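Undergrad: Sequence:
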Amino acid sequence: MKKPYSLRLMSLFKTLAGIWFILLAIPGYSQEKPGILISGKLENAKVGEFIDFLNSATGYQIYYDQTKFDSLRVNLEFTNKNIDWVLDQAFKNTQYRYAIDFQKNIFLTSGDKMVVTLDNLLPELVSDEVVPVRKIEREVREFLTETEPQISVIASNNRVYDIGVKTANFRKGNVTIAGFVRVAQTGEPVIGANVYITNPRIGVSTDQSGFYSLTLPAGRHSLNIRYIGMRDAVRVINLYSEGKLDVEMIEQVRSLKEVDISAEKVANIRSTQMGVEKLTMATIKQIPTVFGEPDILRVILTLPGVKSVGEASTGFNVRGGGTDQNLILYNDATIYNPTHLFGFFSAFNSDAVKDIELYKSSIPARFGGRISSVLDVRSREGNSKKIAGSAGIGLLTSRFNIEGPIIKDRTTFMLGGRTTYSDWLLGKLPEKSGYKNSKAAFSDIDVHLNHKFDDRNTLAFTGYLSNDRFNLNSDTVYSYSNRNLSLKWKHIFHNKFNMSLTAGIDNYEYQVESHENPINAYDMGFDINQSNFKADFTYYLSNKHTLDFGGSSILYKTHPGKFVPWGTESLVRPDILQSEQALESAVYLGDRFEITPALSLNMGLRFSLYHYLGPQSTYAYPEGLPKNDFNVTDSLVFNRGDVIKKYGGPEYRISARYAITGDMSVKLAFNTLRQYIHMLSNTTAIAPTDIWKLSDLHIKPQSGRQASFGLYKNFKSNTIETSAEVYYKWLDNYLDYRSGATLIMNHHLEQDVINTQGKAYGAEFQIKKTAGKLNGWISYTYSRTMLKMDDPTSIQLINGGKYYPANHDKPHDFTMVGNFKASHRFSVSANVTYSTGRPITLPVGRFYYGGAERMLYSDRNQYRIPDYFRTDLSMNIEGNHKVHQWIHSSWTIGVYNVTGRHNPYSTYFTTENGWVKGYKLSIFATPVPFINYNLRF
Numbered sequence: 001m002k003k004p005y006s007l008r009l010m011s012l013f014k015t016l017a018g019i020w021f022i023l024l025a026i027p028g029y030s031q032e033k034p035g036i037l038i039s040g041k042l043e044n045a046k047v048g049e050f051i052d053f054l055n056s057a058t059g060y061q062i063y064y065d066q067t068k069f070d071s072l073r074v075n076l077e078f079t080n081k082n083i084d085w086v087l088d089q090a091f092k093n094t095q096y097r098y099a100i101d102f103q104k105n106i107f108l109t110s111g112d113k114m115v116v117t118l119d120n121l122l123p124e125l126v127s128d129e130v131v132p133v134r135k136i137e138r139e140v141r142e143f144l145t146e147t148e149p150q151i152s153v154i155a156s157n158n159r160v161y162d163i164g165v166k167t168a169n170f171r172k173g174n175v176t177i178a179g180f181v182r183v184a185q186t187g188e189p190v191i192g193a194n195v196y197i198t199n200p201r202i203g204v205s206t207d208q209s210g211f212y213s214l215t216l217p218a219g220r221h222s223l224n225i226r227y228i229g230m231r232d233a234v235r236v237i238n239l240y241s242e243g244k245l246d247v248e249m250i251e252q253v254r255s256l257k258e259v260d261i262s263a264e265k266v267a268n269i270r271s272t273q274m275g276v277e278k279l280t281m282a283t284i285k286q287i288p289t290v291f292g293e294p295d296i297l298r299v300i301l302t303l304p305g306v307k308s309v310g311e312a313s314t315g316f317n318v319r320g321g322g323t324d325q326n327l328i329l330y331n332d333a334t335i336y337n338p339t340h341l342f343g344f345f346s347a348f349n350s351d352a353v354k355d356i357e358l359y360k361s362s363i364p365a366r367f368g369g370r371i372s373s374v375l376d377v378r379s380r381e382g383n384s385k386k387i388a389g390s391a392g393i394g395l396l397t398s399r400f401n402i403e404g405p406i407i408k409d410r411t412t413f414m415l416g417g418r419t420t421y422s423d424w425l426l427g428k429l430p431e432k433s434g435y436k437n438s439k440a441a442f443s444d445i446d447v448h449l450n451h452k453f454d455d456r457n458t459l460a461f462t463g464y465l466s467n468d469r470f471n472l473n474s475d476t477v478y479s480y481s482n483r484n485l486s487l488k489w490k491h492i493f494h495n496k497f498n499m500s501l502t503a504g505i506d507n508y509e510y511q512v513e514s515h516e517n518p519i520n521a522y523d524m525g526f527d528i529n530q531s532n533f534k535a536d537f538t539y540y541l542s543n544k545h546t547l548d549f550g551g552s553s554i555l556y557k558t559h560p561g562k563f564v565p566w567g568t569e570s571l572v573r574p575d576i577l578q579s580e581q582a583l584e585s586a587v588y589l590g591d592r593f594e595i596t597p598a599l600s601l602n603m604g605l606r607f608s609l610y611h612y613l614g615p616q617s618t619y620a621y622p623e624g625l626p627k628n629d630f631n632v633t634d635s636l637v638f639n640r641g642d643v644i645k646k647y648g649g650p651e652y653r654i655s656a657r658y659a660i661t662g663d664m665s666v667k668l669a670f671n672t673l674r675q676y677i678h679m680l681s682n683t684t685a686i687a688p689t690d691i692w693k694l695s696d697l698h699i700k701p702q703s704g705r706q707a708s709f710g711l712y713k714n715f716k717s718n719t720i721e722t723s724a725e726v727y728y729k730w731l732d733n734y735l736d737y738r739s740g741a742t743l744i745m746n747h748h749l750e751q752d753v754i755n756t757q758g759k760a761y762g763a764e765f766q767i768k769k770t771a772g773k774l775n776g777w778i779s780y781t782y783s784r785t786m787l788k789m790d791d792p793t794s795i796q797l798i799n800g801g802k803y804y805p806a807n808h809d810k811p812h813d814f815t816m817v818g819n820f821k822a823s824h825r826f827s828v829s830a831n832v833t834y835s836t837g838r839p840i841t842l843p844v845g846r847f848y849y850g851g852a853e854r855m856l857y858s859d860r861n862q863y864r865i866p867d868y869f870r871t872d873l874s875m876n877i878e879g880n881h882k883v884h885q886w887i888h889s890s891w892t893i894g895v896y897n898v899t900g901r902h903n904p905y906s907t908y909f910t911t912e913n914g915w916v917k918g919y920k921l922s923i924f925a926t927p928v929p930f931i932n933y934n935l936r937f
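With our numbering as the guide, the letters of the sequence shown map in order to residues 1 to 937.
One or more of the hints may lead you astray.
With a Cα cut of at most 27 Å, we get these calculated BS3-like pairs of lysine-lysine [as the list claims (entries may be wrong)]:
1. K488 x K278
2. K716 x K788
3. K285 x K354
4. K354 x K534
5. K172 x K354
6. K713 x K773
7. K104 x K41
8. K41 x K68
9. K278 x K490
10. K386 x K46
11. K439 x K385
12. K385 x K488
13. K244 x K46
14. K788 x K700
15. K768 x K700
16. K172 x K490
17. K821 x K716
18. K386 x K285
19. K645 x K713
20. K46 x K768
21. K244 x K490
22. K713 x K544
23. K716 x K92
24. K645 x K821
Label pairs and their calculated CB-CB ranges [stated by the list, open to error]:
25. G648 x L541: 23 to 33 Å
26. T910 x T633: 38 to 48 Å
27. P597 x N639: 51 to 61 Å
28. L37 x P200: 18 to 28 Å
29. F826 x K716: 21 to 31 Å
30. E513 x W730: 35 to 45 Å
31. T411 x L547: 30 to 40 Å
32. T793 x K759: 17 to 27 Å
33. L547 x G918: 35 to 45 Å
34. F607 x H902: 46 to 56 Å
35. H902 x L541: 17 to 27 Å
36. T79 x P597: 22 to 32 Å
37. L541 x P866: 50 to 60 Å
Worth flagging that the hints you see were computed from the coordinates, not collected in a lab. The model shown is predicted, which means the values in this text are computed figures rather than measured ones. Ideal Cβ positions, reconstructed from N, Cα and C, are used throughout, including at glycine.
Let the sequences and hints guide you as you build the complete structure.
TA: So, in structure tokens, the structure goes:
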């Protein structure tokens with residue numbers, strides 16, 4: 001049946017319209033001659049400079065593999081030419097090709113021709129269904145893959161934004177533009193994004209909140225926003241007066257087939273700070289760890305200059321420092337014990353963490369209270385767009401995390417937790433091990449709330465609770481917990497000045513209890529509590545000059561120990577140590593100043609003040625004599641509020657960077673730090689029964705000074721980073737213990753501890769490949785940590801007053817971490833580590849004294865346990881990557897300690913039949929397979 005004439009006429013009209021549309025569209029789709037005409041002069045311009053020029057002049061998005069364009073040099077001078085002409089001339093007589101699509105995307109290739117077509121467009125145009133205009137062939141889809149592209153965000157690249165109060169003409173002088181850079185899909189801040197213009201070259205980086213403040217000449221600019229793993233964003237702005245511009249960036253799974261866009265991968269070269277390591281959770285989750293649980297602190301141990309005393313120990317030592325000399329922060333809350341399950345797991349839920357920064361040197365002036373390092377762990381804020389979550393189940397642990405908006409784009413929440421069911425594994429141990437009937441469990445929970453009142457005010461709440469409880473084949477039960485609450489208010493006064501106020505409460509405690517025998521049933525415990533407040537201000541004097549200043553105060557309250565009966569039948573005699581309290585305060589000023597493009601300085605001054613407060617009673621001892629019961633001259637009593645002892649002084653933070661070339665720089669740094677709190681432990685690793693002791697009338701604060709020098713060089717378009725750093729540290733009043741010291745339930749610790757002087761020095765080397773299917777790093781560290789007891793009041797000097805190795809002294813450390821991403825769904829990771837064995841003191845003979853046989857020991861830490869070596873392998877298998885699939889799953893399968901090496905955790909000696917025998921304890925003496933199933937939605 002023939003269609004009516006009117007319908008046939010309408011069909012013909014649609015066909016002619018479709019043909020006319022194609023005739024207009026196809027030229028623009030295959031090398032369109034756009035209406036934008038540009039002028040410029042390029043002299044021996046490198047590819048990065050060339051691309052920046054085109055991006056700024058046209059607003060086009062340009063994608064390329066920079067490693068394949070290293071040799072390109074552009075020499076052109078032109079006036080009123082379109083972009084096709086410029087690209088044709090730049091690539092003339094070379095192997096380079098380009099393609100332009102209708103959305104103003106330019107794809108550059110080397111040798112390969114890019115195909116961009118409009119297959120089957122005509123049938124779609126003449127149908128009643130509305131469809132996308134373009135179709136990119138398979139070559140293009142392989143060249144660039146995105147996750148959930150937001151068309152509205154892409155389109156915003158082509159819009160012109162008026163900033164400030166619009167006038168007929170642009171004013172003269174400079175104007176400040178500020179705003180936040182966030183992820184389009186989740187609303188999370190993008191930390192460290194580069195925001196800049198190219199002519200003149202002016203730029204800044206976003207801070208921890210994703211905030212930037214940029215001062216530019218008034219006028220029209222193309223504002224570029226770049227960050228690794230994100231699609232480049234461009235905003236064309238008319239800058240009239242001070243104003244605000246927020247930017248959303250689109251996550252990008254892969255750029256350039258194998259290599260991420262690396263134009264901004266020079267942070268290690270440009271940054272003034274040295275000895276700073278930053279890791280994202282994407283990197284952390286690639287590295288195999290025991291039982292397959294992503295572990296922040298295990299990954300920290302793979303970095304140069306960071307060591308551990310042995311297997312299953314999550315405490316870490318940085319550049320010769322003790323485990324108590326590291327300040328561990330979780331959203332500004334202090335974590336005193338970052339371990340779970342005997343140290344097998346760290347205390348952080350990897351699904352809740354955004355990224356971490358470890359400061360080994362160049363510690364910013366806003367941090368204080370520890371003399372070795374600062375580990376700053378930051379959580380994600382929560383998805384402000386939709387409900388999302390993740391979960392994982394393994395052989396020993398399970399975890400979950402859920403997040404989303406309460407009020408879209410204003411209030412978000414994130415809730416996460418972990419638990420363990422390890423008793424089944426302990427039950428599999430052989431009877432002769434002595435641990436078959438042991439039990440162990442842990443749990444932790446994170447709660448995060450963020451609320452945006454308006455563009456200038458946000459409030460963030462963090463709550464963290466962890467609990468561990470275990471017994472080792474006995475009726476004695478050990479438990480410990482962290483409890484942390486923090487509240488942060490961020491306020492922007494204006495584009496150049498902002499503030500954050502943080503208040504928090506932190507608690508750590510442990511309990512040891514034995515209730516099986518009612519006659520000697522007891523409870524023993526310790527706890528430390530701190531209430532803290534700090535104010536941080538940032539003032540952007542200019543793009544090259546930033547001031548950071550503020551202050552903080554911490555009120556410590558500790559209960560050093562209690563040993564009390566449990567139940568009415570117990571005959572245990574109660575013993576409770578005096579509680580202690582102290583106030584630590586500080587003010588600081590930091591100045592980040594770029595003197596020239598090559599030379600930058602980062603200077604800081606921090607003044608800390610410490611008051612040890614009453615009520616308290618203590619002994620008095622004469623000057624110059626040993627502190628013991630025989631030399632007590634008086635008993636001093638102080639009332640509540642009395643200042644018993646005051647310490648304090650300035651702390652200097654200075655670092656400088658000089659860029660020799662665009663991919664090579666040298667850095668210098670010098671730090672001084674003070675620490676008013678000490679950890680007392682009978683072990684070299686963090687243990688549940690460790691106690692924290694405040695500096696008092698007799699125990700002085702620790703102090704440290706560090707000088708360091710570094711050389712940094714990048715290769716292959718900044719995809720390979722190399723670094724070499726050397727350092728020297730001076731340690732004062734580092735606490736060590738007399739032989740046979742009693743640390744638990746000791747009413748007069750000053751009689752059993754000694755002040756030592758120390759030195760630590762070393763060199764760290766690292767090669768890191770940051771992009772491509774194969775990435776990872778290799779690091780080698782040589783370091784020594786030596787202590788010396790030269791206290792004239794001591795009756796017996798350790799090692800005759802000569803230097804001796806600290807318990808964590810391990811001269812050689814080598815680590816190799818590699819990840820191979822075979823496809824989007826399959827990757828393989830390996831971790832190889834070697835280190836020198838830690839020092840120990842051995843019995844070397846026997847002698848008789850007072851009618852009894854006694855042991856003769858070597859000098860302190862004269863010998864070493866065997867060296868440590870371990871290899872781990874894992875593979876990650878992901879499900880499909882369909883964008884609209886609700887649940888995505890993956891498997892993590894691997895083997896910890898592939899070679900089954902018997903690495904010693906500790907050594908001990910017993911007397912059997914009159915002979916002294918030594919034994920070595922290994923935690924993982926066989927390969928340990930693991931498997932984890934992970935979900936995200």
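Undergrad: Take the hints in turn and mark each one as holding or not.
TA: Hints versus structure:
Note on K488 and K278: the hinted pairing holds, with a Cα-Cα distance of about 23 Å set against a maximum of 27 Å. A distance of roughly 46 Å separates the Cα atoms of K716 and K788; the hinted pair therefore is violated under the 27 Å criterion. Among the hinted pairs, K285 with K354 is consistent with the structure: their alpha-carbon atoms are about 12 Å apart, no more than 27 Å. For a cut-off of 27 Å, the pair hint linking K354 to K534 stands: about 22 Å separates their Cα positions.
Distance restraint check for K172 and K354: the Cα-Cα separation of roughly 42 Å exceeds the 27 Å cut-off, and the hinted pair is therefore not satisfied. Simply put, K713 and K773 have alpha-carbon atoms about 22 Å apart, close enough for the 27 Å limit, and the pair holds. Only pairs whose Cα atoms come within 27 Å are accepted, and K104 paired with K41 is accepted, the gap being roughly 23 Å. For the hint linking K41 to K68, the alpha-carbon distance of about 24 Å falls within 27 Å, and the restraint holds.
The suggested pairing of K278 with K490 holds, with an alpha-carbon distance near 23 Å, which does not exceed 27 Å. The suggested pairing of K386 with K46 is violated, with an alpha-carbon distance near 42 Å, which exceeds 27 Å. For the given pair, K439 sits about 42 Å from K385 by alpha-carbon distance, which is inconsistent with the 27 Å threshold. This hinted pair checks out: K385 and K488 have alpha carbons roughly 22 Å apart, not beyond 27 Å.
Note on K244 and K46: the hinted pairing is violated, with a Cα-Cα distance of about 33 Å set against a maximum of 27 Å. With a C-alpha separation of about 16 Å, the suggested pairing of K788 with K700 holds against the 27 Å cut-off. Under the criterion of a C-alpha separation no larger than 27 Å, the hint pairing K768 with K700 is inconsistent with the structure, at around 41 Å. With a C-alpha separation of about 32 Å, the suggested pairing of K172 with K490 is violated against the 27 Å cut-off.
Simply put, K821 and K716 have alpha-carbon atoms about 20 Å apart, close enough for the 27 Å limit, and the pair holds. In summary, the hint linking K386 to K285 is supported, as the alpha carbons are separated by about 24 Å, within the 27 Å threshold. As the CA atoms of K645 and K713 are separated by approximately 49 Å, the hinted pair breaks the 27 Å bound. Only pairs whose Cα atoms come within 27 Å are accepted, and K46 paired with K768 is accepted, the gap being roughly 24 Å.
Taking the CA atoms of K244 and K490, the gap is near 17 Å; set against the 27 Å cutoff, the hint holds. Between K713 and K544 the CA atoms are separated by roughly 23 Å; this keeps the pair inside 27 Å, and the hint holds. For a cut-off of 27 Å, the pair hint linking K716 to K92 stands: about 24 Å separates their Cα positions. With a C-alpha separation of about 58 Å, the suggested pair K645 and K821 falls outside the 27 Å cut-off, and the hint is violated.
Between G648 and L541 the Cβ separation comes to about 29 Å, which falls inside the hinted range of 23 to 33 Å. Taking the beta carbon of each, T910 and T633 are about 42 Å apart, inside 38 to 48 Å as hinted. Judged by the Cβ atoms, the range 51 to 61 Å given for P597 and N639 holds: they are separated by roughly 60 Å. A C-beta distance of roughly 22 Å is found between L37 and P200, which places it inside the suggested range of 18 to 28 Å.
For F826 paired with K716, a C-beta distance near 25 Å keeps the hint of 21 to 31 Å intact. Range check, E513 to W730: Cβ separation about 43 Å, and the 35 to 45 Å hint holds. Remark: the range hint 30 to 40 Å for T411 to L547 is upheld by a beta-carbon distance near 32 Å. For the hinted restraint 17 to 27 Å between T793 and K759, the CB-CB distance of approximately 22 Å keeps it satisfied.
L547 and G918 have their C-beta atoms about 58 Å apart, which leaves the hinted 35 to 45 Å range violated. One distance hint, 46 to 56 Å for the beta-carbon pair F607 and H902, holds here, with the actual separation near 51 Å. Separated by about 59 Å at the C-beta atoms, H902 and L541 break the suggested range of 17 to 27 Å. In this structure the supplied range 22 to 32 Å holds for T79 paired with P597, their Cβ-Cβ distance being about 29 Å.
For the hinted restraint 50 to 60 Å between L541 and P866, the CB-CB distance of approximately 56 Å keeps it satisfied.
Consistency with the previously given hints fails for numbers 2, 5, 10, 11, 13, 15, 16, 19, 24, 33, 35, ordered from lowest to highest.
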